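Undergrad: Given next are the chains, with one letter for each unit.
Number of protein chains: 4
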Amino acid sequence: MDQQFASDNYAGLCPEAWQAMAEANAGHAPAYGDDPWTARAADRFRALFGTECEVFFVFNGTAANALALAALCQSYHSVICAEAAHVETDECGAPEFFSNGSKLLVAPASGGRLTPHAIRTLATARGDIHYPKPRAVTITQPTETGEVYSLAEIRAIAAECRALGLRLHMDGARFANACASLGCSPAEMTWQAGVDVLCFGGTKNGMAVGEAVIFFNRALAEDFDYRCKQAGQLASKMRFLAAPWVGMLESGAWLRNAAHGNACARDFAAMLDGIPGVAPMFPVQSNAVFLQAPPAVLEGLKERGWRFYTFIGGGARFMFAWDARPERMRALADDLRALAAGAICQG
Amino acid sequence: MDQQFASDNYAGLCPEAWQAMAEANAGHAPAYGDDPWTARAADRFRALFGTECEVFFVFNGTAANALALAALCQSYHSVICAEAAHVETDECGAPEFFSNGSKLLVAPASGGRLTPHAIRTLATARGDIHYPKPRAVTITQPTETGEVYSLAEIRAIAAECRALGLRLHMDGARFANACASLGCSPAEMTWQAGVDVLCFGGTKNGMAVGEAVIFFNRALAEDFDYRCKQAGQLASKMRFLAAPWVGMLESGAWLRNAAHGNACARDFAAMLDGIPGVAPMFPVQSNAVFLQAPPAVLEGLKERGWRFYTFIGGGARFMFAWDARPERMRALADDLRALAAGAICQG
Amino acid sequence: MDQQFASDNYAGLCPEAWQAMAEANAGHAPAYGDDPWTARAADRFRALFGTECEVFFVFNGTAANALALAALCQSYHSVICAEAAHVETDECGAPEFFSNGSKLLVAPASGGRLTPHAIRTLATARGDIHYPKPRAVTITQPTETGEVYSLAEIRAIAAECRALGLRLHMDGARFANACASLGCSPAEMTWQAGVDVLCFGGTKNGMAVGEAVIFFNRALAEDFDYRCKQAGQLASKMRFLAAPWVGMLESGAWLRNAAHGNACARDFAAMLDGIPGVAPMFPVQSNAVFLQAPPAVLEGLKERGWRFYTFIGGGARFMFAWDARPERMRALADDLRALAAGAICQG
Amino acid sequence: MDQQFASDNYAGLCPEAWQAMAEANAGHAPAYGDDPWTARAADRFRALFGTECEVFFVFNGTAANALALAALCQSYHSVICAEAAHVETDECGAPEFFSNGSKLLVAPASGGRLTPHAIRTLATARGDIHYPKPRAVTITQPTETGEVYSLAEIRAIAAECRALGLRLHMDGARFANACASLGCSPAEMTWQAGVDVLCFGGTKNGMAVGEAVIFFNRALAEDFDYRCKQAGQLASKMRFLAAPWVGMLESGAWLRNAAHGNACARDFAAMLDGIPGVAPMFPVQSNAVFLQAPPAVLEGLKERGWRFYTFIGGGARFMFAWDARPERMRALADDLRALAAGAICQG
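Chains as they are written, first to last, in UniProt numbering: chain L, 1 to 347; chain D, 1 to 347; chain B, 1 to 347; chain W, 1 to 347.
Source of the hints: derived by calculation from the structure; they are not laboratory data.
Since no wrong hints were added, every one of them can be taken at face value.
Computed list of lysine to aspartate or glutamate pairs in EDC-like fashion (alpha-carbon distance at most 20 Å, straight line):
1) 302(B) / 34(W)
2) 302(W) / 34(B)
3) 302(L) / 34(D)
4) 302(D) / 34(L)
5) 302(B) / 2(B)
Just so you know, these numbers come straight off a predicted model, no measurement behind them.
Produce the complete structure using the sequences and hints provided.
TA: Structure below.
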């Protein structure tokens, strides 16, 4: 299949991840994480974050988020999130399932972003036992609309959380893209800003499968290994989850891949400049471009074989993975331009 | 690490699985199973079983079993299993977790095997609402002790299940080894014998990760895709779970790998012939050899660098994967022989 | 404590319920529902509804609703409800807990009422496995704001549910009040209109404790007795849950109590006529009066010892139980009038 | 129905509980436990135990036990119990349900009793993440077979729990009977002996419904009110759960009732002296008598209208409630004697 921009999940493994897989495939290794690759990957994460965090490797982002939130909550607690949060809109109730009932409290009209004010409003709206007790906040960095919280924003959110007795979780399905976007260190964006637990996405970053759940607040990681095992998230041949991380982290591919995706998104947005009726819906701060475009134009794109997700109200999402190629981006932009011109002529 | 026989999870990917992964890694593919590899893998399973079964790909065996059982039960139901069943002894309560409370009813003194009689005894012991209502039976094929149910035994169990209104699940973490052992078709051992749902293990068969959940009773598969998604078992880059199956099934490696493991187990058992104090604990019918051996011998093996699991009462388990090498088996047998001789001298 | 109108839960048992309790307390009776009172209460319900429904007695409304919904859904399903639905706002996540994760889909800006259109909009908004699959609809009759769905409205909702493959649950915490309000039969408002399962509230109707879960769609009641038992909702001395129902149903108190509460609410609303700044927020159709009133007035009421719930935006709720006394209602109305007059003078 | 000895659940409310209900039924009271009766009942418990324990009122014993254990465990933890423990044999998987999967580890051949040794054996049998991690121990006092742990035994169990990092729960469905039997104070048998949380049974002690969950380790009670609410165990008209406790505790009926039941059990056992083939199966230490008797005798009792539970192997259970009457006991004993004589003649 020709390269598409429907999702960064359409891309395969980057060479660094693949190479590490290949190396890990030589010979035997103990199962269930008791192997050198797993230890090395965890150590690499600790080095990357510059702190003695607890690191766990799970299969996918839904599990990573749901297990991390379940570690922060009991069933009668609630989790504050933005309206567009992946945990709310695209995980099929996984947070409720893994926690056995924790409710997501969605900040109304928040789009992809939370603010201290919105958190406080939700956290203090009810104080009686007839409603789940707020216990955690989750933010997605970058957000589902491709925007990036600044360090100051994260710190402000974390400060509000502490004031309210809430724990702070970061859904970092595209965490590397946020790092590349802000040019800050992973430490600055997480524990130094007040994040308790991070889900660091590997799949969209260039791996086949795998996310890391990283507890900066180590007390919260108590028995998390049991939690993963019981929840069907302990890989028997763990080295194949761990080795790609080693490849990504040791080579720097994790950040290069992300920077490439981000640059492509910016480039693509620039290519659209001046196309009538077509405009980004949100600031392009990571590897996503959300476009407002006439329905006929989007329809036309689909007829020309382009795949992408659309949204109520007319938007289309384009994601740029580690392997995004300028010529395909150009082809897409050209098609958009041609279709938009046609739409105007028809209109 | 030198080859070990502690677990078939110590082995890596077989060449056929690896090659398919490599092919799947060329270019882009839609996410979440809407890709050609996934369709092809599912079709291959349908061809292999010769029936229009429903096929789902999940990450590991714990999830496969627990989700399949949850599809057969409500929380107030129970599942009948053998004492040594993996779901009871090694999945950290995953069946209870995914079903939100279904109880496992363990047939006492059953070792790894269930019988119609044991099933009937457990299923009819209680008929009041103060105890979970039996709703499913799970058998492991081959069993956790490496034995294989004959077709007649499976049919008898299935008949008893039907008579009692119970559904029949087969934990086939090493299903291929059972096929190779019995020399029967996958269809004969499953739906033709009365199995409702099978978990077909890929990891131990030569893949990095991945199991297939196969519903022969298709009504039971209703909304199972939602169940997998919610439970964190839907791979975004699904093709990397599916492609290795294509490689394994199309090449015949699934059966060759299993037959190799089985043959090695038999060969290894034969190598031990005449070693004093060392004897197989169970008939060697698949790729496992459980040995009774003097504690000093087992201790000595560990000192010489061998890894293996031991059991209360003095047993040691050796597993032979798709890549088991005769020279390592011979080395292990030689060490066993030498240690056993020494143990006798000391004794 | 003087009579209050904060909640119909402030009232005690009505004489008919009390008398039946007293009779049930004479001598011994088998436990767990195997007693004559339980059979008689269930039969009375079947007679009242004129159909062979399945009847279960549980302790409270939260459990009744949550267990009934759990019987309609799996964890990856969702339940459509109004914004103000008790299951959403006042059961502390019980529906999510008992179902192990079913999500409530709240119709935006729906207040206490659902419409076929709102149901269709929510039910069809998403059709992918990344979001819980709609499986049930719950309506509260009368609603949390004291309004009553007409028979035509219920029939239209039920028709929409059938068209969409959804099951229909009715939260009837004050079901009797709705019957008294519409003057229709319980059958007309439920199974004849298309309701699958009803939670019929006893506590607010004049009992100490106890709700009935009534399945008109009897297939959905399969193993519901086990579900109740596992969920801690099977009373050992069941006759004390059942006997009050006998007293209420055989004497007609269930309807008389409700009619009295409804009449009081209407009377109270009438007493407020002409009080400046004080007006009902919703049509008074059952035993609730929600008032819009100046904050100073509500504050003044509290200073004078009145208890009531207030809502964001200034409303206050007054509920009239089976024992509401005109003189206390008059006293409250007088206080309201006096305070409102004062508020105007100050203003 | 004539008095039976099948279960102490066959009895109704004792006069003291009834009288308190009647008093609570005068006038209005705030809902959900914010009423004077609830505060008074909780204070009475604190006075009874001589410590600042946290007290919660729930509907029944299954819920009390399951919620208490869920407060001690996460889903991947396990609870050690005796083979005959009510939580294992008669709560339909409620502990697994409320905890979302905690496994019960049953001490083999333990009958109704645990020992420090049995606890240690189970707690240390597995130390890997493939099996649920032991986190709590539950003992039933008196046991399901009517025996009573001595203070020394409880202290020894508690010491073992502390050494192993386990929390100690006491299922006191008939707690009062144990107090009456040992003649010790409630404090001595619980927190002074090392019990963390107690479920104090009210139903079998002479109430209609209601158990108290009492946390001596108050940290474990954090948010337990939310847990109860979410689990459908918060009574809206809470005073009717609380008032009977006030009646029982203030009048001393709780202990008198229990002492009466215990004395009746002893008396009944004495009445059987010398009946051939009929003998108590366990020491009679509370209000239960388990009898070994020929099948024909038990059959004959049933034909004469007696109700009782039988057990595999030929036992029959007789329970003596607060209202057990000597003439009925004598009638039962006479029937037993007559039938036993007949059985011998036939034999």
